[in-house]
Amino acid sequence: MGCDCSETKIKTAVITGMHPYDVPNFYGIFKAMPDVDFYPQNLWDFATCPPEIRGWYDVVVFYNMHMETPNPEAGPWDALMKAALDQIGESSQGVLLLHHSILAWPELQLWNDLTGVQQRGFGYHIGETVTYDIAAPEHPITKGLTSWTMMDETYTMAEPPASCEVLITADHEKSMKSIAWTNQYKQVKVFCYQSGHDNATYPDANFRTVMNRGIEWLAGRI
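Count along the sequence shown from 1, add 182, and you get the number used in the working numbering.
Among the clues, some could well be false.
Under the rule of at most 25 Å between Cα atoms (straight-line distance), these lysine-lysine pairs were calculated in the DSS-like manner [as the list claims (entries may be wrong)]: (1) 213 with 371; (2) 191 with 356; (3) 191 with 359; (4) 191 with 213; (5) 193 with 264; (6) 371 with 264.
Worth flagging that the hints you see were computed from the coordinates, not collected in a lab.
Please put together the full structure from these sequences, using the hints given.
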């Protein structure tokens, strides 16, 4: 396919678009992961790649916030985007929905199914100091971690259903209770992580551990 990177590392696409973010510090998270080869790209680049290239990645991390549901009748861009999204679930490629990507495409059934949350209306609160608790201490992503406190943007929205496994929780009046959870969509393992707004969060050692282990878990490495 023209890709010559190390096959021993986890090939990870990092998809962005339609939301501002601290580019250098955000990508610093992935640079610090010794077992990950990451490929940052706008959703346009991802959607316009041939299907076999999109399928080459072990894990796809979404950090975008497109809101308008793709409509193939609206033009070629929407048609390509819908085709790329429809490919999710057709293989075992893992999906990580990070922070504002959980809110993306509020009317798109696929995104409801990936998150497990069927009604994704939300409120948001920037700069909240939150204590995060481990709800699943034996899960590979959270094993050995203990409660920690950090500043982040929080969301108030519906909780994931009982069919999802909640890994991290918060008891905060301006935050949903479930902070990190896993889901299954067709053949795909999904990891939803509500944290990750800006550089108040990016350097945190616990946040980085959860991110790295989340990618490892999605790739079947742990």
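Checked hints:
1. 213 with 371: holds, 23 Å
2. 191 with 356: Between residue 191 and residue 356 the Cα gap is close to 38 Å, so the pair fails against 25 Å, i.e. violated.
3. 191 with 359: Judged against 25 Å, a Cα distance of about 33 Å means the pair is violated.
4. 191 with 213: holds, 12 Å
5. 193 with 264: Given that 25 Å is the threshold and the Cα spacing comes to 23 Å, the pair holds.
6. 371 with 264: Answer holds: residue 371 to residue 264 is near 20 Å, not above 25 Å.
Checked against the numbered hints given earlier, this structure breaks hints 2 and 3; the rest are met.
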